Amino acid sequence: MSALSKVVRSGVHRRWVQTVVITLATAAAVTAGLLGVGLLVASNAPFDHAFVNQRGAHLNVLTDPKKATTAQLAATADAEGVAEAAGPFPVGQVMFIPPPPPGMSAPAGPGARGPMLTVAGRSGPGDTIDQVTLTDGRWANQPDEIVVRDGGNVRVRVGETITMGQGTNARDVTVVGLGRSVSDTADAWMTPAGLAALKPPTTSYQMLYRLTDADTDAQVTAARKAVTAALPDGAVTTARSWLTVKKAANVQTALFVPFLLAFGGLSLLLSVLIVGTVIAGAVGSTLRRIGILKALGFTPAQVVRAYVAQALIPAVIGAVIGVVAGNLIAIPLLARTEDLYGTVALTIAPWVDVVVLGGVLLIVAVIASAAAARAGRLSAVDALAVGRTPAARRGQYAARIAARLPLPRPVTLGLARPFSAPIRAGAMIVAIAFGAAAVTLAAGLGTSLNRIQVAADHSGAQIVVDSFGGGAAPGDPQPQPGSSEPEAVDPAKVTAVLDDQAGTDRYVGVRQTEAAVPGVSGETTFAEYTANPGWAGYELVSGRWFTRPGEAVVPTEILRDTDRELGDTITVTPKDGTPVTLTIVGEVFDPGDNDGLVMAQGGGAGFRPDTWQIGVSDDTDLGAYASTLTTALEPLGLGVHVESEGVDELIIIIDALAGLLTLMLVTVAGLGVLNAVVLDVRARVHDIGIHKALGMTPRQTLTAVLSSVAMIGLVGGLVGVPAGVVLHGIMVPAMGRGAGVELPPVIMTVFHPLQLTVFALGGLVLAGAGALLPAGWAAKTRTATALRTE
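Residues 8 to 797, numbered by the working numbering, are exactly what the sequence shown covers, in order.
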């Protein structure tokens, strides 16, 4: 074994605490960096990647089965602009009978109602266009089996039995799988025979096309016209472009991309910082030993190689551990990210492992080389002197001031210590500031996203009463024409029941109709309310709520598309109705698919709401309330639906993501503090020995070391918390801009002064936790051992 190898081996084994710290810090840095890069990659155009992987359909066409045969539909594969076609698949609008609320009996008989779902008849998930990816279970093979879209409006579990169909055609079917279609071709899938057995009132044939060119609306429109021309007149009933689906998907994911980018970026930055400070400190703390080696005849190049190797050996071990840990942690993390994006098969790509592993080791090598090179250029005498002698007068002024404080001497010694090693103290402050910023940002983003979710879903009402059996906020799927929709009930009768019902806090009625608005493509939902619906989960961005008929509140998209401002008028033409001119008095936050939404005050003798949203008092049992209300409303032909119980699944996902990523960042920051304190204790071990010889007890030694990081932790917290607030102020508006909406003030004002004070003091806790182990080692070290230690 060469002399150089012996030096490397001896250094790794002799300084085992430093070796362990480098290993752990590198492992944590690689893990955090891996998750950071993985989230950055996952956040890069998730819909586009999913569309390519699942071979999504550029054009989704529904046709009238009475006007075009299956042979004619199959022949459209040769239409101009079409590269590939799949179908025809039978499609029907089938009623889903929701399960009853707690404490209520299941709906039964021909009167049972629910929302309409688009069900496609397919014998398999597909192997050409629109490859439906199963997220759970298997594909439906029997007529009484169904696969339901994962993340859709209907939340069911595999193995659950649900009722599909209406009237005498209703049947119980078993949910055998959950799937996702990036093309959004259906809400559920059955075998063709199973769909036919339900006898849906509205049926179509579905054709899916991939086009030779589909990057622009004009290219997709040209292909649609070619397909339409190849079929008999009136055969095509609807045609949807993949660009429309992409827009809707990107609006939703745009709210979460900045959230993941922020944590991914923080993970990478903190990883570089901690690895750099760990390696630089580790090499810099051995200057005296470097001087001894040079006195024994080692050349500067040999010294540099020796100490780079001493840093790389534990770093390589830690990096490998970090790659394994990062991939294991990424499995549940990216699974939750899939739910946010509505995509599938998000994993850590092998190239990400290679890049992060190589990048961290390159950082270790560069920083270790730079630190060792500076030491290598010193002469043996200078290295020996620097390694033992502290900088002249550094920290003396601070020590004099601290000594005058009315505090125990061990505390004042600790408070003055950071000023004698300002660079190391600065690195610890930055690490703690990163941790405090991450906690503050996570708390703020979590709260903002929770409020965004409530406002986006308009889920402030606990109970919904309607004639369909399932609550429907504006924009939600409604029963289709031909589904025997009953007449709206006299509102006076409904309000009388609600006023008499114990536990009713507030309510509002709404009637929704399809309408046209000049300047807005497609149909618009015209929602007329009996009163201000702000309490039901709607948040205003600007303006006010309507107070009388003739006033309207619209989302940002309507203002943008129609080039209107508050105070301007807008004309709404309801389907089969008379045009209505309304004055825009407010802008509502509505980031979902409901770009075409006009909310107004209903009025007139003929105004009859078809849905009632109800808020109950805090101490009311929802199940008992719903059961009693159902009994009272059944004679009117109305159903009761419990709209919101428990925490939304998406909110749980967001909170879990924020918690896990914050834990990673705080762990890396804590390891940075641990390493810095270890190096500091090693550097002044002789001072500790002298203090012990003069009578300092182990408890006082522990106090002195912990006090040395108290000010660092407090300053780090005071720096990090405002930084987290600033980052929150940058990220949340970026989320709104990415989604094309303006955010209401309630989503930005999420921090409380007491909460920020606790976060700032958390920096002190983080510093103390990181310093606890080396402080305990210093307290237990014997006086003679400390005096003999290099």
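Because the hints were derived from the structure by calculation, they are not lab data.
This structure is a prediction, so every number in the text was calculated from the model and none was measured.
Do not rely on the hints blindly, as some may be mistaken.
[Said to hold, decoys possible] When the alpha-carbon atoms are kept at most 27 Å apart in a straight line, the in silico DSSO-like pairs for lysine-lysine are as follows:
1. K232 <-> K253
2. K232 <-> K254
3. K74 <-> K254
4. K254 <-> K582
5. K206 <-> K74
6. K254 <-> K73
7. K582 <-> K74
8. K73 <-> K582
9. K73 <-> K253
[Stated by the list, open to error] Beta-carbon label-pair distances, calculated as ranges:
10. G610 <-> P752: 43 to 51 Å
11. V772 <-> D55: 27 to 35 Å
12. G541 <-> Q79: 45 to 53 Å
13. I697 <-> L276: 49 to 57 Å
14. I338 <-> A410: 30 to 38 Å
15. P415 <-> K787: 17 to 25 Å
16. V765 <-> K582: 35 to 43 Å
17. I338 <-> T77: 42 to 50 Å
Heads up, the beta-carbon is just placed ideally off N, CA and C, and yes, glycines get one too.
Comparing the hints with the structure gives:
no., hint, verdict
1, K232 <-> K253, "21 Å, holds"
2, K232 <-> K254, "22 Å, holds"
3, K74 <-> K254, "31 Å, violated"
4, K254 <-> K582, "26 Å, holds"
5, K206 <-> K74, "19 Å, holds"
6, K254 <-> K73, "32 Å, violated"
7, K582 <-> K74, "25 Å, holds"
8, K73 <-> K582, "25 Å, holds"
9, K73 <-> K253, "31 Å, violated"
10, G610 <-> P752: 43 to 51 Å, "30 Å, violated"
11, V772 <-> D55: 27 to 35 Å, "43 Å, violated"
12, G541 <-> Q79: 45 to 53 Å, "52 Å, holds"
13, I697 <-> L276: 49 to 57 Å, "39 Å, violated"
14, I338 <-> A410: 30 to 38 Å, "54 Å, violated"
15, P415 <-> K787: 17 to 25 Å, "20 Å, holds"
16, V765 <-> K582: 35 to 43 Å, "54 Å, violated"
17, I338 <-> T77: 42 to 50 Å, "43 Å, holds"
Checked against the numbered hints above, the structure violates hints 3, 6, 9, 10, 11, 13, 14, 16; every other hint is satisfied.
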